[in-house]
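Peer 1: In case you want the letters, here they are:
Number of protein chains: 2
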Amino acid sequence: MTQYFSRRNLDFLLHEVFSVSELTRYPYFEAHDKETFAMVLDSVTQIADNHMYPYFRDVDRNQPELRDGKVTVHPQMKPFLRAMGEAGLIGAGFSFENGGQQLPELVNACAGYILTAANNGMMYTALTSGAANLINTFGTLELKQQYVEKLLSGHWQGTMALTEPQAGSSLSDITTTGEPQEDGSYLIRGQKVFISAGDHDAVDNVIHLMLVRIKGAPRGTKGISLFVVPKYRIEADGSLTDNDVTSTGLYHKMGQKGTPALHLTMGERGDCRGWLVGEPNRGLSYMFQMMNEARIGVGMTGAAIASAAYYASLQYARERPQSRRLNEKNQLDSPQITIIHHPDVKRMLLFQKAIVEGSLSLLMESARLSDLVHVSEGEEKENYSLLLDLLTPIAKTFPTEMGVRSVSEGMQVLGGYGYTEDFPLEQMYRDIRITTIYEGTTTIQSQDLLGRKMTIKGGKAPQLLFQEIEKTLREADTHDELKPYADLLRKELGRVQDVTMALLPYAQQGDFERFLMDATLYMELFGIVTVAWQWLKQGVAARKAQLTQNPEGDEATFYESKLHTMKYYFHYEVPKTKGLAARLKDTEVLTIASDREVVM
Amino acid sequence: MTQYFSRRNLDFLLHEVFSVSELTRYPYFEAHDKETFAMVLDSVTQIADNHMYPYFRDVDRNQPELRDGKVTVHPQMKPFLRAMGEAGLIGAGFSFENGGQQLPELVNACAGYILTAANNGMMYTALTSGAANLINTFGTLELKQQYVEKLLSGHWQGTMALTEPQAGSSLSDITTTGEPQEDGSYLIRGQKVFISAGDHDAVDNVIHLMLVRIKGAPRGTKGISLFVVPKYRIEADGSLTDNDVTSTGLYHKMGQKGTPALHLTMGERGDCRGWLVGEPNRGLSYMFQMMNEARIGVGMTGAAIASAAYYASLQYARERPQSRRLNEKNQLDSPQITIIHHPDVKRMLLFQKAIVEGSLSLLMESARLSDLVHVSEGEEKENYSLLLDLLTPIAKTFPTEMGVRSVSEGMQVLGGYGYTEDFPLEQMYRDIRITTIYEGTTTIQSQDLLGRKMTIKGGKAPQLLFQEIEKTLREADTHDELKPYADLLRKELGRVQDVTMALLPYAQQGDFERFLMDATLYMELFGIVTVAWQWLKQGVAARKAQLTQNPEGDEATFYESKLHTMKYYFHYEVPKTKGLAARLKDTEVLTIASDREVVM
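For the record, the sequence lines run as chains A and B.
1 is the number of the first residue of the first sequence in this note's numbering; add one for each residue after it.
1 is the number of the first residue of the second sequence in this note's numbering; add one for each residue after it.
Chain A extracted, bound-state conformation (with noise of 0.2 Å):
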């Protein structure tokens, strides 16, 4: 089988780079300790082994069909979904009273990069696991005992059911309309489009958490409440009921194609039932507790494709003769060498690389300040979660934007063979590009970071950040080796904070649309200097390793590897920023029209 990830490199993170076992001295995580880490991820390996990455063609090659009202998948869903709900992962990382391991997200996250890179088409649990996490969350315990024992097994299926038509990037603009019943549900009728897993055979049953506008709701976000519409609803006696909610459409999409996205129609025969979750009209706030483990959860699916396509091509470059040496071009009768040692070669393969691993690194912090957020109080739980909210939307778009370039050197590598069915680098290029487009755009991410969580709370958020990353800069200073490097990150902080004081002023104008005209580029820009902060702390730790454990053989190579990429990502990645910095901070406006046609 070839390597779709790296466990020492997990291992590397969760205890060297993320420190878990700080975590289990808190009370909430106290269960778990190194073994029971190690025996989640052995035993999601071998789901993810058995399960998923045998079938990774397979479920590309045998779409979803709709027919008749009736949507099949790939049969190889329902042993896997049934092997998930066994082995308890689909709400690991819930409580124990919500039927869950309490396993720390931080652990839980390098699972999802586990199962994603062996096949990112298989990404039905996660939906699952979200949609009983509100339910949990915010439902009562009625709806809680009607659902979720039944979503964590594996038998039925969730989703957030969020888009309509004309209501994409825009839910201000959601129709679809829920009106009250004696009873206390709830008449639903409209459409919903894209809804992932929104039906299936591999389960009995649907059950969707829905935006849906109650009658007479305020207009825009703040009249939006969350629902609960199964595709079979329960009745008095526990039977279950067709609820009137119809496939009515499947898209046919260029990737990720094992998941079925599905057009569906609610109340057709003016018999769609919901329930509500929580309190009416704050169904978009609840969603967005989803929205923002999704958008993590979207993030990681980039890094996991990534890692998936990193290593195909660096098997491939390390068995692939082609060529000579470059200095050694006219020696014609000596052997061709493996095109690994091309530098250009080289140079994509450790893009790659840094790439995958910065992402992951990015991604698994991001993970462990939500752990903090769970187990603590007062002030401190107020940053942890400030500083979630700032790092969510670049751990939504670094892994994803740079991900697609990511898999595209390596398809590179591969050549024309990287562009053919033989081999999955094509695959992986189809898939992974959906990643900066859905649970929210690459546009939206930016303007989420710049327009809101720079400013909340007076800027408190990027304050913390800074502190955080300070901490790095001083262990990397104690370091001959690494301390030019936190020096070069010191520059970069003041390019950031340079730039974001040239753009500020137009906000507190009030002229949003210039403030965030150009938030694409600026998110590019934060993107690169916060991974690079998180390589620098790969560094320090692959550091601390070397003079520490003094490793010889493989593991020495792994941390000289380590702090090679790293220097790889500061000397090629990382100059990136003064390009951006430039335009950023330019005065010519050319992208604002005025109120006549748009010039194009």
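Think of the hints as simulated: they come from the structure by calculation, not from any bench.
Bear in mind the structure is a predicted one, so any value in this text is a computation, not a measurement.
Think of the CB as a built atom: it goes at the ideal place given N, C-alpha and C, for glycine as much as any other residue.
Examples of chain A residues lying across from chain B (beta carbon under 10 Å, computed):
{"#": "1", "residue": "419"}
{"#": "2", "residue": "510"}
{"#": "3", "residue": "583"}
With chain A fixed as given, assemble chain B onto it according to the hints.
Peer 2: For chain B alone, kept in the frame of chain A given last:
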């Protein structure tokens, strides 16, 4: 029908930027004038509209098949090839004597652009034209008489058969052999892979222009000869006999599915004959004539697909309502605006337009140079030749590398819809990705640019280029609106020279590995600056038209948009050179491995 290219822009480039009428002053082109050019483009557009564009999706969905050694392609290929043959478009650029129309390459390039933008999966005729051109230029009178007419009429297919399983980027390792026979033919044995249009049922014969090593020839590139190897050979009585070229494999590709890519085996029965073209052992230099054209052709494919994607996303952005202006977020009563009014969408569209029209301009510059090489003599010819040689790897790389990103931004404009098969973007995204790989990968082009074109004849080629650019700068200096951009470009030229000076010493020391280590980044830098020159050139032409023609309505918009897009390019794209130059001058070596195992 959705627009897939802009005829107005082609006319602008042809007449206002590149003054095609200057070419018709040369006797070789004197049969042509503005009217004949318009007629050619009209007739090309008709074929593109009727025979190609309507089948864009269909040729992707109904791929070629290989069964029992026979390759079947989409039924539309046959009428398309006949129509191209009948219109005299396959060899339109050939001399009258060789069956062509002596059409300037500048116009021929526009024709290729239109055809490819309409449907890049139907690239058969460019291959045929290249093969016929090689026979015309280097073949005997007998070979010409046997093959050229049938090729140009669209009844026979031509191919370029270079790549072998062990010889992709490294052509010196070709092993297909030719053994001289008494009748003057050669017995051919070997295998070729990735042969585009290498066999199919829309033609009666396939003529391979094949690189072969004659038994006993010197090693390496100096022992490679060019052969005509037909699928059916022509007997003395004019009848056709199976020539033992077997289709042993058909590649399943991510895109460009309309054109089959084949694995061919020659001489399975020991009965495959080939005929030498030109002198023995000079095949690679002959093939390079065709390859240089093909490289520019691939650049054109990149620009053309990016063009079709640009217009598709522009149309969507003009029609799709979503959200409100950032400064009017809370005005929920107001209707949604079309997304073209959102700055980030406008930015993505301007990026696409800047890449498409900048690339096209560079490609037409190259085409004009190839016309000038054709009609000039002595030192003038040599200078044009040097300039064309310098621009060729850039004209292959910029439009393809940036084209990939441009199509990706096009998909992003459509959001989730762009990822579905309901819109053409997903296919364009798949189609364009091969262009940075075939006809020499970006790595190969970059090593050619820095390692060869920058240094031959004491660096005369870049000197000539800077002289050409200087002409544009001096023109731009005379317009107040353009002078700042001329100054910017001057600074960028200085940056390129700086970087070049920093790298050349490695070449002088004979350390080509270090010299070329980051050649791909050097290419990126050089490409950005070269296209900045093309944009300034277009800016000058547009400004002149504004001053002299006093344009109104659509015409005024056209020129305004040209200048606006030029500004976009300078303000958003050009700053990227800062980071590239910083990396290229950085002395840290990270991609040259020592002799021991490469650390990854």
